[in-house]
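Peer 1: Sequence:
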Amino acid sequence: MQFSFPRAASVIMVWASLMAAGMAQAGTALLSAQDQAQLAAWLGEGNVRFNSIYTKTDGDTAAQFHAAVDGKGRTVSVMRASNSAGQSWLIGGYNPQSWNSSGQFNLTVKNEDRTAFLFNLTAGKMHRQVLDVNGLGGVGSYQTYNDRGIGPAFGLGSDLYVGNDLKTGYSLLYSYIDPVTGGWNTSLLDGSPYHAGNVTFGAIEVYSIAAVPEPGTYGMLLLGLLGMLGWTGYRRHGEKQD
1071 MQFSFPRAAS
1081 VIMVWASLMA
1091 AGMAQAGTAL
1101 LSAQDQAQLA
1111 AWLGEGNVRF
1121 NSIYTKTDGD
1131 TAAQFHAAVD
1141 GKGRTVSVMR
1151 ASNSAGQSWL
1161 IGGYNPQSWN
1171 SSGQFNLTVK
1181 NEDRTAFLFN
1191 LTAGKMHRQV
1201 LDVNGLGGVG
1211 SYQTYNDRGI
1221 GPAFGLGSDL
1231 YVGNDLKTGY
1241 SLLYSYIDPV
1251 TGGWNTSLLD
1261 GSPYHAGNVT
1271 FGAIEVYSIA
1281 AVPEPGTYGM
1291 LLLGLLGMLG
1301 WTGYRRHGEK
1311 QD
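So the sequence shown is residues 1071 to 1312, counted in our numbering.
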């Protein structure tokens, strides 16, 4: 069957439309499109896609979390968290390194490596990893803690800690504070002073992060393909005349 230029062009146009539509950020179980846009803005990398690699189910422990996320590169962990009064927030953290089960901290000595952050999407707040300023070099170096017996854990506080059952934990901001105003030993949820076992976790999701080409990239690719098809059609036309 001969594949004519008009038919090929139509196929490419449909393909390009589908690719462009795929760039739209659809909401997930926990993250709305607006939430994804906010996280992308905090990442500061332009258009990105959040691909789900783990969703907590009933009975899961830290073992299921690590089986899904270890060695998968940088991720965003998102969780529904409640305080002792039953108030709920959507919180989490960005880990620029792969999770692992080493039983050790990921330490970042240089400021350029301190790119992790914690966030409270409900409150619209973000807490970056403390840089080596105002004598806080050691404080901010503790990026994440990685152990097969616990879920996501950030900072030395731990600033955000999810226990083995993936249901209980706490938040004690220490490595992710404002180096000027402080906020030591307070909760990521509501800013209250720390007290043991002060957070209950419901749904938890983890996403890998992938860059998404800008719309212009698809346009250039489309023009290139159309140009190639046009040249092919021109050559075939010339061959028929010969």
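Don't read these hints as lab results, they were simulated from the structure.
We treat Cβ as the ideally placed atom computed from N, Cα and C, and that holds for glycine.
You may find that some hints are simply not true.
Cross-link-like lysine-lysine pairs, in silico, BS3-like; alpha carbons within 25 Å at most [to be verified]:
id	residue 1	residue 2
1	K1142	K1180
2	K1195	K1237
3	K1142	K1237
Distance windows between CB atoms, simulated [to be verified]:
id	residue 1	residue 2	range
4	P1283	N1234	33 to 43 Å
5	R1119	S1168	31 to 41 Å
6	P1249	A1137	18 to 28 Å
Peer 1: Next, verify each hint and record whether it holds.
Peer 2: Going down the list of hints, with the structure as the test:
1. K1142 - K1180: 23 Å, holds
2. K1195 - K1237: Since the Cα atoms of K1195 and K1237 sit roughly 23 Å apart, the hinted pair holds (cutoff 25 Å).
3. K1142 - K1237: Holds: K1142 and K1237 sit about 23 Å apart, inside 25 Å.
4. P1283 - N1234: 33 to 43 Å: 40 Å, holds
5. R1119 - S1168: 31 to 41 Å: 18 Å, violated
6. P1249 - A1137: 18 to 28 Å: The hinted range 18 to 28 Å is violated for P1249 and A1137, with Cβ atoms some 36 Å apart.
Hints 5 and 6 from the earlier list are contradicted by this structure; the remaining hints agree with it.
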